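Fit chain E to the known structure of chain L by using the hints.
There are 2 protein chains.
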Amino acid sequence: MRPVAIIGAGKTAFGAFPDQDLRALAVAAGEKALQNAQLEPETVESFYLGNFAGPEFTSQNHLAPYISTALGMTGIPSTRFEAACASSGAAFFQAFMGVASGIYDVVMVLGVEKMTCQPTPRVTEILSGAGDCATEVKAGSTFPSLFAMIARRHMHDFGTTREHLSAVAVKNHANGALNPDAQMRKVITLEQAMNARPIAEPLNLYDCSLISDGAAAVVLCAADRAREFAVDKSAKPVKILGVAQASDWVALDQKPDITTFAAVRGAAKKAYEMAGLAPGDIQFAELHDCFTIAEIVAMEDLGFVQRGRGGFFTAEGGTRRDGPMPVNASGGLKSKGHPVGATGVGQICDLVQQIRCEAGDRQLKRHELGLAQNLGGSGATCVVTILGEY
Amino acid sequence: MRPVAIIGAGKTAFGAFPDQDLRALAVAAGEKALQNAQLEPETVESFYLGNFAGPEFTSQNHLAPYISTALGMTGIPSTRFEAACASSGAAFFQAFMGVASGIYDVVMVLGVEKMTCQPTPRVTEILSGAGDCATEVKAGSTFPSLFAMIARRHMHDFGTTREHLSAVAVKNHANGALNPDAQMRKVITLEQAMNARPIAEPLNLYDCSLISDGAAAVVLCAADRAREFAVDKSAKPVKILGVAQASDWVALDQKPDITTFAAVRGAAKKAYEMAGLAPGDIQFAELHDCFTIAEIVAMEDLGFVQRGRGGFFTAEGGTRRDGPMPVNASGGLKSKGHPVGATGVGQICDLVQQIRCEAGDRQLKRHELGLAQNLGGSGATCVVTILGEY
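Just so you know, the sequences run in chain order L and E.
The first sequence maps to residues 9 to 398 in the working numbering.
The second sequence maps to residues 9 to 398 in the working numbering.
Pulled out of the complex, with its shape left as it was, chain L reads as follows (with noise of 0.2 Å):
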């Protein structure tokens, strides 16, 4: 396999757009990440669309042919990608080989989810089915549901604690409020966090993360070409060091224990030994927040905290910007918002920006080498990337 490298990356803030349909949205992404690599449309040589749940908030399907063809190109293969919230995450590394393995030299991969057109139950009902709807989603189980079990059972084992849950969202939502492209720009403090109403108790309203509409792109390209593009260097090229997916049982009981994801540590496993990099060589990372409590179980099972301490590191100030490891800089899928389908591209866009040294008022000081990881479900799919400076 040869190396790879993001020559163009492109996203649409994340938030509620009445006035921008699925389409509008993701080509307006695709055509930032265009302009951001200098290229033509008719340069990209195949076309990867991460979507969860297109048909299902907007009736529109084939979603792939219809969203390229608007951006300009045609008669290349364009193939939507699905795999629940780690839709665009899948697209990457389903890219990234195809670069990777010299079949094409350059493609764009494309995020998109448009979910603010249905009311809030029926998301939670088409969300629901990226859990087991035979057995968990027939008993009533919703994902705040699935994930408040998971955090009970973290509470239960490792003495992790609701002000543990409330330190992961009120970190988030302070780098939000730096991010313009973020759904919630607002700070909250601890007691707020703490108070918050129920929503599946362990966890309150501030321990999850948001229904949005939005979209983020990137082009890849073979590393050696890398330079042709971009030309006057104003975006720089940034390496893909390590990609990796996993999978897993869809329903949690089938799980010999739901506080840790075989498929993130497989997915992670994998990532690090491509990239030829520990966790402790990663200086900062975008993980899926989905709920408080995945944060947390995240940064445990990619090996950034021993099992049980995520919640302890992040209240002690583990993960904040200026912390030893800065963890969802951008705000996360909880203060930038999470529309899903875009969620693992958009992370991908995140790292971009702060290896670029573009990330503005929440840029980080060690910005050389991040991680982003995106899950599908709760734990069934997962994709580990690690990117670096060129």
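Check the hints yourself; a few may be wrong.
The list makes no distinction among identical chains, and a pair is therefore deemed to hold if it is satisfied within one copy or across any two copies.
Calculated cross-link-like contacts (lysine to aspartate or glutamate; reagent style DMTMM-like; alpha-carbon spacing at most 20 Å) [stated by the list, open to error]:
id	residue 1	residue 2
1	244	133
2	263	133
3	40	29
4	263	165
5	146	27
6	263	232
7	278	53
8	373	261
9	263	27
10	277	50
11	244	366
12	247	232
13	244	171
14	194	397
15	40	53
16	146	397
17	146	29
18	278	113
19	373	171
20	263	50
21	278	50
22	146	289
Calculated from the structure, these hints are not laboratory results.
The structure displayed is predicted, hence computed values, not measured ones.
Same frame as chain L, but now just chain E:
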């Protein structure tokens, strides 16, 4: 790119199976393919699922790990690919690249759809998501009416007749009657086919493919390792000589000419080039006859006959099992059934059966080199695959 072989194939019958849910169908096909290859599930390194609208038909989403774990595969990348009715063709294309590039040695591609759990009007509505919902569907178009327009224009431009369309139906029903896995094993006369009740004029009931449940799976392997598996030689490996995917606008009104599909011509050109073959070299084909007119147009776009001659050639018997270019010896989507997400891999299984001389009563005389054409929507996606004897 290195050579790739199919070392195992398996499918369910296509039909209405109220007692089997989507996962049960998928697992049945997947297990047959593993048995055929004499392979343990642990040997499979990546899982590629083709499915068009499982979440809308059955509520269950995140289908790839939902199925692969039930097949005994955990930890591996497991992703769903969607490209309308070409979903499993698209999955096959990506899986081929995964092995051809040397990333994987052994992978599984599985296509599945469960459609009969919804009433027919809702099925039509779900399928219309493969068209342009903002224009075509909003204006009341359904897939029968889109293909009716194509038929009408083909008749106007080339003199194709009502009898030509029915000749496709009569031939495919005659073939399907010999296929124990076909949904509608019923011979029909030309008179019956011509006088059936109208669906969207000029298309009548016998011009339309079926609403089906079903699944199909194949195991791909690096050709140089193919002989390690199926050691008793019961399952002869089959070579993948060429495979390509192309895309075009989803909406019919964006095409300069609706009687020919650029995506089909584009995918065919690339697949022929990869195989080093011309249309005249192909001995038999499985074409995407979602409607009778689609088979006629495909014949022309693939270069089997001259533009405008597809109907005449069919009426003259050219595509019968004993004709110069047998098409849909399986019965096609028309008689065998069309569980949309399974159709692409189902066609591949049909080619494999013929090449291995396992097609029973419908076995063709010239069966060493076959082509499958899998179409998504009204020509927005096409995957063309050419298989040959090992």
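So, going through the hints one by one against the coordinates:
In this homomeric assembly, residue 244 and residue 133 never come within 20 Å of each other (Cα to Cα): the closest approach is 41 Å inside a single copy and 46 Å across copies. Proximity of residue 263 and residue 133 under a CA criterion of 20 Å is satisfied in neither setting, with 23 Å inside one chain copy and 37 Å between copies. In this assembly of identical chains, the alpha carbons of residue 40 and residue 29 lie at most 20 Å apart only when taken from the same copy (17 Å versus 43 Å across copies). Proximity of residue 263 and residue 165 under a CA criterion of 20 Å is satisfied intra-copy only: 16 Å inside one chain copy versus 61 Å between copies.
Within a single copy, residue 146 and residue 27 get their C-alpha atoms only as close as 35 Å, which misses the 20 Å cut-off; across copies the closest is 18 Å, which meets it. For the identical chains of this complex, residue 263 and residue 232 are neighbours neither inside a copy (43 Å) nor across copies (37 Å), given an alpha-carbon limit of 20 Å. For the identical chains of this complex, residue 278 and residue 53 are inter-copy neighbours only, at 13 Å across copies versus 27 Å inside a copy, given an alpha-carbon limit of 20 Å. In this assembly of identical chains, the alpha carbons of residue 373 and residue 261 never lie at most 20 Å apart, being 42 Å within a copy and 53 Å across copies at closest.
Taking CA atoms no more than 20 Å apart as the test, residue 263 paired with residue 27 passes in neither setting, with 42 Å inside one copy and 27 Å between copies. Proximity of residue 277 and residue 50 under a CA criterion of 20 Å is satisfied inter-copy only: 18 Å between copies versus 37 Å inside one chain copy. Taking identical chains as interchangeable, the C-alpha atoms of residue 244 and residue 366 lie at most 20 Å apart only when both belong to the same chain, with a minimum of 10 Å there against 56 Å between chains. Taking the shortest alpha-carbon separations for residue 247 and residue 232, only the intra-copy value of 11 Å comes in at or below 20 Å, while the best inter-copy value is 33 Å.
Taking identical chains as interchangeable, the C-alpha atoms of residue 244 and residue 171 are never at most 20 Å apart, the minima being 40 Å within one chain and 62 Å between chains. In the homo-oligomer, the alpha carbons of residue 194 and residue 397 never lie at most 20 Å apart, since the shortest distance is 31 Å inside one protomer and 64 Å across protomers. Only within a single protomer do residue 40 and residue 53 lie at most 20 Å apart by alpha-carbon distance; the minimum there is 18 Å, versus 35 Å between protomers. In this homomeric assembly, residue 146 and residue 397 never come within 20 Å of each other (Cα to Cα): the closest approach is 47 Å inside a single copy and 48 Å across copies.
Proximity of residue 146 to residue 29 under the C-alpha cut-off of 20 Å is restricted to the inter-copy arrangement: shortest distance 15 Å between copies versus 31 Å within a copy. Taking identical chains as interchangeable, the C-alpha atoms of residue 278 and residue 113 lie at most 20 Å apart only when they sit on different chains, with a minimum of 17 Å there against 24 Å within one chain. Proximity of residue 373 to residue 171 under the C-alpha cut-off of 20 Å is found in neither arrangement, the shortest distances being 27 Å within a copy and 74 Å between copies. In this assembly of identical chains, the alpha carbons of residue 263 and residue 50 lie at most 20 Å apart only when taken from different copies (18 Å versus 46 Å within one copy).
Only between protomers do residue 278 and residue 50 lie at most 20 Å apart by alpha-carbon distance; the minimum there is 17 Å, versus 34 Å within a single protomer. Neither within a single protomer nor between protomers do residue 146 and residue 289 lie at most 20 Å apart by alpha-carbon distance, with minima of 43 Å and 53 Å respectively.
In summary, the structure is inconsistent with hints 1, 2, 6, 8, 9, 13, 14, 16, 19 and 22 from the numbered list given earlier, while agreeing with the others.
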